[in-house]
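Residue numbers (the numbering used here), protein chains in the order written: chain A, 1 to 245; chain B, 1 to 259; chain C, 1 to 340.
Be aware that one or more of the hints could be misleading.
Stated by the list, open to error - With a cut-off of at most 30 Å between alpha-carbon atoms, the simulated DSS-like pairs for lysine-lysine come out as follows:
| id | chain 1 | residue 1 | chain 2 | residue 2 |
| --- | --- | --- | --- | --- |
| 1 | A | Lys-146 | B | Lys-183 |
| 2 | C | Lys-258 | C | Lys-25 |
| 3 | B | Lys-46 | C | Lys-286 |
| 4 | A | Lys-38 | A | Lys-26 |
| 5 | C | Lys-195 | C | Lys-268 |
| 6 | A | Lys-200 | C | Lys-39 |
| 7 | C | Lys-294 | C | Lys-93 |
| 8 | B | Lys-46 | C | Lys-39 |
| 9 | B | Lys-176 | A | Lys-146 |
| 10 | A | Lys-200 | C | Lys-103 |
| 11 | A | Lys-26 | C | Lys-195 |
| 12 | C | Lys-286 | C | Lys-39 |
| 13 | C | Lys-294 | A | Lys-38 |
| 14 | C | Lys-268 | C | Lys-258 |
| 15 | C | Lys-268 | C | Lys-23 |
| 16 | C | Lys-115 | C | Lys-93 |
| 17 | C | Lys-239 | C | Lys-93 |
| 18 | C | Lys-93 | A | Lys-26 |
| 19 | C | Lys-239 | C | Lys-143 |
| 20 | C | Lys-103 | C | Lys-239 |
| 21 | C | Lys-115 | C | Lys-286 |
| 22 | A | Lys-200 | C | Lys-258 |
| 23 | C | Lys-39 | C | Lys-195 |
| 24 | C | Lys-23 | C | Lys-98 |
| 25 | C | Lys-115 | C | Lys-258 |
| 26 | C | Lys-25 | C | Lys-103 |
| 27 | C | Lys-39 | C | Lys-294 |
| 28 | A | Lys-65 | B | Lys-46 |
| 29 | B | Lys-46 | A | Lys-146 |
As the list claims (entries may be wrong) - Some chain B residues flagged as far from chain C (calculated, every beta-carbon gap over 10 Å):
| id | residue |
| --- | --- |
| 30 | Gly-20 |
| 31 | Ala-221 |
| 32 | Tyr-222 |
What the hints assert, rightly or not - What follows is a set of in silico ranges between Cβ atoms, one per label pair, in the way DEER data are often shown:
| id | chain 1 | residue 1 | chain 2 | residue 2 | range |
| --- | --- | --- | --- | --- | --- |
| 33 | C | Lys-115 | A | Val-46 | 21 to 29 Å |
| 34 | C | Gly-94 | A | Ile-24 | 42 to 50 Å |
| 35 | B | Met-62 | C | Ser-137 | 28 to 36 Å |
| 36 | B | Phe-17 | C | Cys-52 | 28 to 36 Å |
Worth flagging that the hints you see were computed from the coordinates, not collected in a lab.
Note that CB positions come from ideal geometry on N, CA and C, so glycine has one too.
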Amino acid sequence: MAILLSEAFKVGGEWSLAGYADFISKPLNRTVFFRTLKLGALVVLVSAVVGYAAAFCIVNLEPAKRGRMFGLIILPLMISPVARTYAWIVILGRTGIVNNTLVGLGISDTPIRFLFTETAVFLGLLQLFMPLMIIALISSMENMPKDAIAAARVLGANWFQVFTRVILPLTREGLVLGGTLVFTGALTAYITPAILGGSKVLMLETLLYQRVNVSNDYVSAGIIATILIVMSFGANVVLRRLAKA
Amino acid sequence: MSQTWASRVILSLTLLFLIGPFFIIIFAGLSAGSTLSFPPDGLSLKWYLAVFSVESFRQSFMLSMLLAVFGTLTALLLGVPAAYAICRYKIPGAETIKLIVAAPIIVPGIIVGLALLRYLVVPLNFTVTLALFLAHTALVLPYAVRVVTATLENLRTDIEEAAILLGCTRLQAFTKAVLPNIKSGILAAFILGFVTSFNQVPVSLFLSGPGVRTLPIDMLAYMEITYDPSVAALSALLAFLSIAIVFIAEKTLGFSRYV
Amino acid sequence: MTLKYLLPLSIGALLASSSVFAKDKLTISVYSFAQDAYKEALYDPFEEICDCELVIETGNSVERMAKIEANAANPVIDMAVMSSHDALALARKGLLQKLDTSKLASFNDLYDAAKDPIGDNMAVGYTFYASSIVYRSDLVDIKSWGDLLQPAVAGRVALPNITGTQGPLTLHMLSQALGHEGIDFTDTINAIGEKADDIVTFYVRSSQLAQLMQQEEVIAAPVGRFAWSRFSGSDLPFKWAEPAEGQTGGMNVMLMTKGNGNEELAYKLMDYWLSAEVQTRVANAKIDSPANSKVEVSADIADSLTYGADLINSLNMISPDDIIDNRDSWVEQWNSNVIQ
Chain A
1 MAILLSEAFK
11 VGGEWSLAGY
21 ADFISKPLNR
31 TVFFRTLKLG
41 ALVVLVSAVV
51 GYAAAFCIVN
61 LEPAKRGRMF
71 GLIILPLMIS
81 PVARTYAWIV
91 ILGRTGIVNN
101 TLVGLGISDT
111 PIRFLFTETA
121 VFLGLLQLFM
131 PLMIIALISS
141 MENMPKDAIA
151 AARVLGANWF
161 QVFTRVILPL
171 TREGLVLGGT
181 LVFTGALTAY
191 ITPAILGGSK
201 VLMLETLLYQ
211 RVNVSNDYVS
221 AGIIATILIV
231 MSFGANVVLR
241 RLAKA
Chain B
1 MSQTWASRVI
11 LSLTLLFLIG
21 PFFIIIFAGL
31 SAGSTLSFPP
41 DGLSLKWYLA
51 VFSVESFRQS
61 FMLSMLLAVF
71 GTLTALLLGV
81 PAAYAICRYK
91 IPGAETIKLI
101 VAAPIIVPGI
111 IVGLALLRYL
121 VVPLNFTVTL
131 ALFLAHTALV
141 LPYAVRVVTA
151 TLENLRTDIE
161 EAAILLGCTR
171 LQAFTKAVLP
181 NIKSGILAAF
191 ILGFVTSFNQ
201 VPVSLFLSGP
211 GVRTLPIDML
221 AYMEITYDPS
231 VAALSALLAF
241 LSIAIVFIAE
251 KTLGFSRYV
Chain C
1 MTLKYLLPLS
11 IGALLASSSV
21 FAKDKLTISV
31 YSFAQDAYKE
41 ALYDPFEEIC
51 DCELVIETGN
61 SVERMAKIEA
71 NAANPVIDMA
81 VMSSHDALAL
91 ARKGLLQKLD
101 TSKLASFNDL
111 YDAAKDPIGD
121 NMAVGYTFYA
131 SSIVYRSDLV
141 DIKSWGDLLQ
151 PAVAGRVALP
161 NITGTQGPLT
171 LHMLSQALGH
181 EGIDFTDTIN
191 AIGEKADDIV
201 TFYVRSSQLA
211 QLMQQEEVIA
221 APVGRFAWSR
231 FSGSDLPFKW
241 AEPAEGQTGG
251 MNVMLMTKGN
261 GNEELAYKLM
271 DYWLSAEVQT
281 RVANAKIDSP
291 ANSKVEVSAD
301 IADSLTYGAD
311 LINSLNMISP
321 DDIIDNRDSW
331 VEQWNSNVIQ
């Protein structure tokens with residue numbers, strides 16, 4: 001396995017710093033880098049907020065319902081990302097449900113263009129990876145002593161305090177795991193940015209494919225791969241720090 | 001009372017966002033028209049039936065199924081002891097091992113796939129199926145290690161210490177005291193791994209040989225040729241299959257006890 | 001684990017016991033498009049004639065090229081069909097072998113442009129396609145390539161991405177419409193960059209475009225004739241433009257990998273594929289337009305193809321050399337001026 005992993009790095013094996021300088025000097029690469037960082041962070045943030053609320057609700061359900069809920073949460077994970085992404089085209093399109101509703105209710109005069117915008121990519125990624133966050137949070141919440149929250153409440157803590165002082169510290173591992181999975185997932189997703197963002201909203205991963213596909217440029221591909229790896233390790237470290245603070 | 005109500009609203013909205021698109025896919029697959037659309041142009045089962053007539057779908061489904069099941073099982077066989085070692089023995093460089101094991105998640109799939117093709121399939125004459133199996137195992141391993149580690153870290157160490165005091169060997173303590181307590185973590189890891197493997201696209205993109213192709217790759221290729229709702233129908237069928245898996249897991253393992 | 005190996009083993013045993021296993025095998029790499037029709041028109045009849053087994057590998061051209069390159073030392077693919085410039089890229093890397101055209105009985109019947117499209121007899125053309133603009137005739141009227149950047153279609157027009165085959169073709173024609181000459185597309189790319197917000201997307205696959213046009217997201221876009229059937233069969237009023245600057249187009253070619261050791265069968269297939277018989281069958285199935293000048297089809301069939309010497313000679317093609325030599329710089333300019 002170790003050989004296999006080291007091989008994985010060899011494709012872009014002949015990097016030099018000059019390559020990096022050249023890479024960063026191109027405005028497109030910088031735009032794509034910051035866009036990827038921004039969308040990745042946003043997806044983690046939103047899925048953590050929604051994830052905590054949802055996971056907390058699920059953990060507090062009675063066991064039978066909990067199992068069913070858990071099943072429903074992992075259900076979207078079972079559906080091919082290819083198909084789920086295409087569903088968003090049907091939803092967000094010019095004659096899709098959202099636009100029909102907006103125009104029908106008179107909120108907007110003309111259909112709004114959602115496809116091939118950052119909004120579409122964001123929604124697609126969020127839908128794709130939020131279940132991972134919820135599962136990770138549920139998994140760590142179930143090991144949380146049930147009476148801790150009750151104790152805190154009895155001691156006069158309000159819900160915000162309960163969250164920051166009790167739930168957050170006890171679910172740190174889950175948050176870090178979920179955050180890392182979601183962030184790296186968003187970074188390395190290919191189909192969603194490819195279909196919903198297209199070539200107008202390039203992300204690092206789609207840019208990487210373009211480099212490999214069009215110009216057989218393995219140097220750039222290796223650089224992008226390195227950047228992606230550094231970014232997700234960075235995310236792991238940052239999330240750990242945040243969780244401890 | 002209001003708390004239950006709030007909880008229902010939160011869960012309903014979350015589920016609407018997560019599962020809504022799935023219903024759209026089901027209905028888009030029921031369309032009587034010839035393009036993917038919602039609401040569908042009339043209702044018909046023809047696209048669902050069409051799926052079964054595509055021979056390559058049957059082949060690629062079997063391949064994806066075998067890869068997902070055996071890749072994930074192998075990953076768990078490697079991953080559970082690894083996770084245990086990382087958590088219980090303060091081995092030097094545990095953090096580094098975690099990072100190395102996580103690499104296949106983070107290294108973009110196309111690089112992994114291409115590396116395998118260039119360094120294993122071509123010079124060493126590995127079959128494409130074997131390369132796919134290795135790739136999928138490597139892909140799933142991080143999920144196995146990380147999910148199981150997260151569960152282990154929340155498990156109190158005194159359970160196994162108690163077991164050892166009561167005369168168990170280290171191995172017995174592991175199988176009798178630790179394993180039953182991390183079942184939910186292992187199950188979660190299996191489900192995550194299975195799904196990741198089953199839906200994997202970029203790694204498998206370069207690892208398809210004549211007649212050997214995973215299902216998602218086949219779907220993508222099919223979508224390039226025709227743009228009819230049969231891909232939606234196939235996705236819906238796969239989703240029904242997964243509901244069945246979760247349902248059976250619940251009935252036989254008592255899934256919810258571990259959740 | 002055991003099951004994993006048992007299953008292939010038992011299948012292997014089954015195969016070995018039947019005669020299929022003993023037959024000669026020819027592995028070909030083709031576009032994934034219209035495989036069912038190809039099976040009927042070409043693969044099945046060929047297998048019967050040659051008493052051999054065809055193994056078909058499909059995918060997009062870049063994946064297929066990468067695989068041929070990765071397996072160069074020990075070719076898996078014996079014969080492949082590609083766009084002429086992709087074939088040239090492979091030839092320049094020394095991955096192809098020179099074709100002995102005397103082994104192709106129909107060679108002299110091919111249109112001249114198809115005989116030696118990339119030089120050195122490294123490939124031979126088997127089909128042509130025109131490229132023009134598909135548009136919604138009820139909403140707009142397209143009379144020139146320049147109309148793609150006009151306000152009438154702003155916010156509802158798609159262009160092919162520079163990375164695909166159609167991208168450079170569109171730039172070529174748009175350049176002519178904007179009054180530039182040659183293959184320096186700098187000004188044209190800048191002109192597109194200025195209008196980038198008006199362009200819905202830069203599409204990659206024609207199937208994706210078909211979907212966007214069905215959903216009325218896009219009302220005009222350049223596309224290859226091979227995708228026309230996706231539009232002509234629709235309920236919506238799609239029309240094929242005949243722009244003032246003319247149509248552009250391209251050619252797909254057959255090639256053979258170097259040292260594949262299966263030359264005899266590969267020539268047999270190429271010969272059969274180029275024959276008037278197969279080319280007519282393929283044309284009548286509306287899959288690929290013929291490169292064999294002896295093929296005759298009905299007016300109705302001709303209408304959905306790129307058919308006849310006059311039309312083929314009128315296409316404003318770009319030479320494969322120009323594409324391969326300049327593509328990197330086009331992509332570079334495109335990336336910094338259009339996709340921001």
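Here is how each hint holds up against the structure:
no. : hint                                  : result
1   : Lys-146(A) with Lys-183(B)            : holds (20 Å)
2   : Lys-258(C) with Lys-25(C)             : holds (17 Å)
3   : Lys-46(B) with Lys-286(C)             : holds (24 Å)
4   : Lys-38(A) with Lys-26(A)              : holds (19 Å)
5   : Lys-195(C) with Lys-268(C)            : violated (50 Å)
6   : Lys-200(A) with Lys-39(C)             : violated (37 Å)
7   : Lys-294(C) with Lys-93(C)             : violated (34 Å)
8   : Lys-46(B) with Lys-39(C)              : holds (23 Å)
9   : Lys-176(B) with Lys-146(A)            : holds (25 Å)
10  : Lys-200(A) with Lys-103(C)            : violated (47 Å)
11  : Lys-26(A) with Lys-195(C)             : holds (21 Å)
12  : Lys-286(C) with Lys-39(C)             : holds (14 Å)
13  : Lys-294(C) with Lys-38(A)             : violated (59 Å)
14  : Lys-268(C) with Lys-258(C)            : holds (17 Å)
15  : Lys-268(C) with Lys-23(C)             : holds (15 Å)
16  : Lys-115(C) with Lys-93(C)             : holds (21 Å)
17  : Lys-239(C) with Lys-93(C)             : violated (41 Å)
18  : Lys-93(C) with Lys-26(A)              : holds (28 Å)
19  : Lys-239(C) with Lys-143(C)            : holds (11 Å)
20  : Lys-103(C) with Lys-239(C)            : violated (42 Å)
21  : Lys-115(C) with Lys-286(C)            : holds (23 Å)
22  : Lys-200(A) with Lys-258(C)            : violated (39 Å)
23  : Lys-39(C) with Lys-195(C)             : violated (44 Å)
24  : Lys-23(C) with Lys-98(C)              : holds (27 Å)
25  : Lys-115(C) with Lys-258(C)            : holds (20 Å)
26  : Lys-25(C) with Lys-103(C)             : holds (20 Å)
27  : Lys-39(C) with Lys-294(C)             : holds (23 Å)
28  : Lys-65(A) with Lys-46(B)              : violated (35 Å)
29  : Lys-46(B) with Lys-146(A)             : violated (51 Å)
30  : Gly-20                                : holds (19 Å)
31  : Ala-221                               : violated (5 Å)
32  : Tyr-222                               : violated (8 Å)
33  : Lys-115(C) with Val-46(A): 21 to 29 Å : violated (59 Å)
34  : Gly-94(C) with Ile-24(A): 42 to 50 Å  : violated (34 Å)
35  : Met-62(B) with Ser-137(C): 28 to 36 Å : violated (47 Å)
36  : Phe-17(B) with Cys-52(C): 28 to 36 Å  : violated (53 Å)
Of the numbered hints stated above, those contradicted by the structure are hints 5, 6, 7, 10, 13, 17, 20, 22, 23, 28, 29, 31, 32, 33, 34, 35, 36, listed in ascending order.
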